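Chemist: Chain by chain, the residues:
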Amino acid sequence: MNSAELKRTPLYSAHQELGGKLIEFGGWEMPVQYTSIVDEHLSVRSAAGIFDISHMGEFLISGPGAEGFLNRCLTNDVRKLAVGQGQYTLMCNDHGGVIDDLYAYRLSETEYLLIVNASRIAPDFSWLERQLGRTAGLGRVALRNVSDQTGAVAVQGPQVALFIDECFGGPSIGGTRVAAASQLEKNRIGKWTFGGTEVWVSRTGYTGEDGFEVAAPAGVIGAVWKKFFEAGRPHGLKPAGLGARDTLRTEVCYPLYGHELDENTTPIEAGLVFFVSFDKGDFNGQAVLARQKAEGTNRKLVAFKMTERSAPPRPHYAIWNSGADSVRAGEVVSGTQSPSLGIGIGLGYLPAALAKPQTPIQIEIRGKLAPAVTVPKPIYRKPHN
Amino acid sequence: MANVPSDLKYAKSHEWARAAGGEATIGITDHAQHELTDVVFVELPEPGKTFKAGEACAVVESVKTASDIYTPVSGEITAVNKAVTDNPALVNSDAYGGGWLFKVKLSNPAELNGLLSPDQYLAQIGAA
Chain A
477 MNSAELKRTP LYSAHQELGG KLIEFGGWEM PVQYTSIVDE HLSVRSAAGI
527 FDISHMGEFL ISGPGAEGFL NRCLTNDVRK LAVGQGQYTL MCNDHGGVID
577 DLYAYRLSET EYLLIVNASR IAPDFSWLER QLGRTAGLGR VALRNVSDQT
627 GAVAVQGPQV ALFIDECFGG PSIGGTRVAA ASQLEKNRIG KWTFGGTEVW
677 VSRTGYTGED GFEVAAPAGV IGAVWKKFFE AGRPHGLKPA GLGARDTLRT
727 EVCYPLYGHE LDENTTPIEA GLVFFVSFDK GDFNGQAVLA RQKAEGTNRK
777 LVAFKMTERS APPRPHYAIW NSGADSVRAG EVVSGTQSPS LGIGIGLGYL
827 PAALAKPQTP IQIEIRGKLA PAVTVPKPIY RKPHN
Chain B
44 MANVPSDLKY AKSHEWARAA GGEATIGITD HAQHELTDVV FVELPEPGKT
94 FKAGEACAVV ESVKTASDIY TPVSGEITAV NKAVTDNPAL VNSDAYGGGW
144 LFKVKLSNPA ELNGLLSPDQ YLAQIGAA
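Keeping their order, the protein sequence lines are chains A and B.
Just so you know, the first sequence maps onto residues 477 to 861 in this note's numbering.
Just so you know, the second sequence maps onto residues 44 to 171 in this note's numbering.
No lab work stands behind these hints, which were simulated from the structure alone.
Don't take every hint at face value.
Claimed, not checked - The calculated lysine to any residue pairs, modelled on SDA-like cross-linking and capped at a C-alpha distance of 20 angstroms, are: (1) Lys-662/A / Asp-686/A; (2) Lys-497/A / Gln-167/B; (3) Lys-125/B / Arg-785/A.
Quick caveat: nothing in here was measured; it's all calculated off a predicted structure.
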């Protein structure tokens with residue numbers, strides 16, 4: 477793709493000033509790193525990191541029929557959401573294949589915010605528009621794609637709760653009502669004013685650490701970013717790029733659309749059955765997903781660790797079973813050197829027979845087989861203090 | 044400031060060569076290690092094997108990507124740096140010293156004349 481065709485977030489000039497190395501990601505020109513993926517990763521694990529996530533999409537779904545509509549389009553049950561609460565969920569086609577994985581927040585009784593993947597904004601929105609034909613009897617539903625007018629940042633790491641209130645200190649004015657942002661519980665979202673503008677702050681993230689995500693009008697996100705820098709610097713806050721975002725999420729086995737998930741992969745195969753509700757009435761893909769849940773699937777998403785020093789496993793490397801009758805059994809979908817563990821780690825799809833933890837497997841790296849072992853998810857667990 | 048020592052020869056593909064006594068020591072430049080960052084694995088050729096100039100004979104892997112390393116000169120591999128396979132971060136911390144990769148017995152020493160001078164390499168990386 478020509479760089480002239482790439483989209484830029486409202487924080488583009490901030491990335492340039494910080495010396496961020498820019499790459500193409502999902503049609504966007506985004507920082508992959510500022511100093512070093514390993515440094516940025518370890519900063520998030522030990523202190524705090526700030527990510528530009530403005531490339532992600534935001535949809536507002538509102539009206540009396542919104543709840544019923546979303547329950548037909550998404551796998552999780554939005555009826556479980558109190559006002560000011562969010563959930564991880566998936567949007568499936570009629571074959572149970574994943575159109576996108578996303579977060580759904582209930583902002584008020586009749587309005588929801590969906591945060592979707594950057595590369596999936598257009599297919600998601602057109603899919604949802606086509607599903608409006610299936611809303612008979614649900615009441616009015618309005619869909620708005622506000623992705624272009626919305627910026628977003630994530631601040632992640634164990635130190636973040638110590639400075640979040642310097643940025644969002646007063647009581648929330650919508651969503652979950654708390655006296656300050658640090659009092660939001662996990663998966664809760666509240667509305668604050670920032671510089672006179674309404675912004676949404678949630679206690680969520682994609683790193684396995686405590687943290688917050690802020691969605692704000694594009695014109696305000698630069699000031700939010702700057703404020704986080706001022707408040708977070710004394711606590712070790714560093715800018716972190718997509719490289720660290722990827723290694724952090726891989727260590728905790730969070731799926732990335734296009735790697736673990738695509739339209740030919742189901743949430744059951746991906747090990748995400750917890751986010752599929754079978755007692756909420758009909759939804760897209762339900763028949764296939766219910767059958768897979770009952771009968772099991774032929775292939776499963778499996779986490780693994782290399783057992784010896786090796787080159788890092790990478791997406792598309794072949795996975796072989798172990799032993800004399802070794803055959804090609806599957807493929808790596810995400811793989812990297814784990815900055816926290818100092819060894820190669822990854823995720824891949826394997827036949828169910830090889831999916832049990834502690835199964836020896838081999839990763840084909842440049843024509844040679846390197847030993848690995850399947851492990852329980854997540855691969856990295858935070859040490860208890 | 045780009046670190047491009049004046050006593051070395053350079054390849055367009057960001058390797059350096061230090062020639063002495065019919066042998067050349069090969070590594071990757073400071074510019075290259077900076078672009079890669081976080082080198083986590085180095086795969087080196089087998090001593091005794093022979094490569095032609097421009098052939099891929101080693102791999103340097105960072106967290107993000109695997110990069111082929113091309114020998115800038117033809118000849119037999121006479122030695123490899125075991126210290127970098129044990130501690131790949133040496134490529135980042137000491138690209139022109141402890142981070143060297145392998146040594147080649149020059150089968151055609153004239154090839155050295157075809158490599159880039161420090162000034163030419165500086166110009167290539169836009170640091171001249």
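Chemist: Are the hints correct? Go through all of them and say.
Modeler: Status of each hint after checking the structure:
no., hint, in the structure
1, Lys-662/A / Asp-686/A, "holds, 8 angstroms"
2, Lys-497/A / Gln-167/B, "holds, 19 angstroms"
3, Lys-125/B / Arg-785/A, "holds, 14 angstroms"
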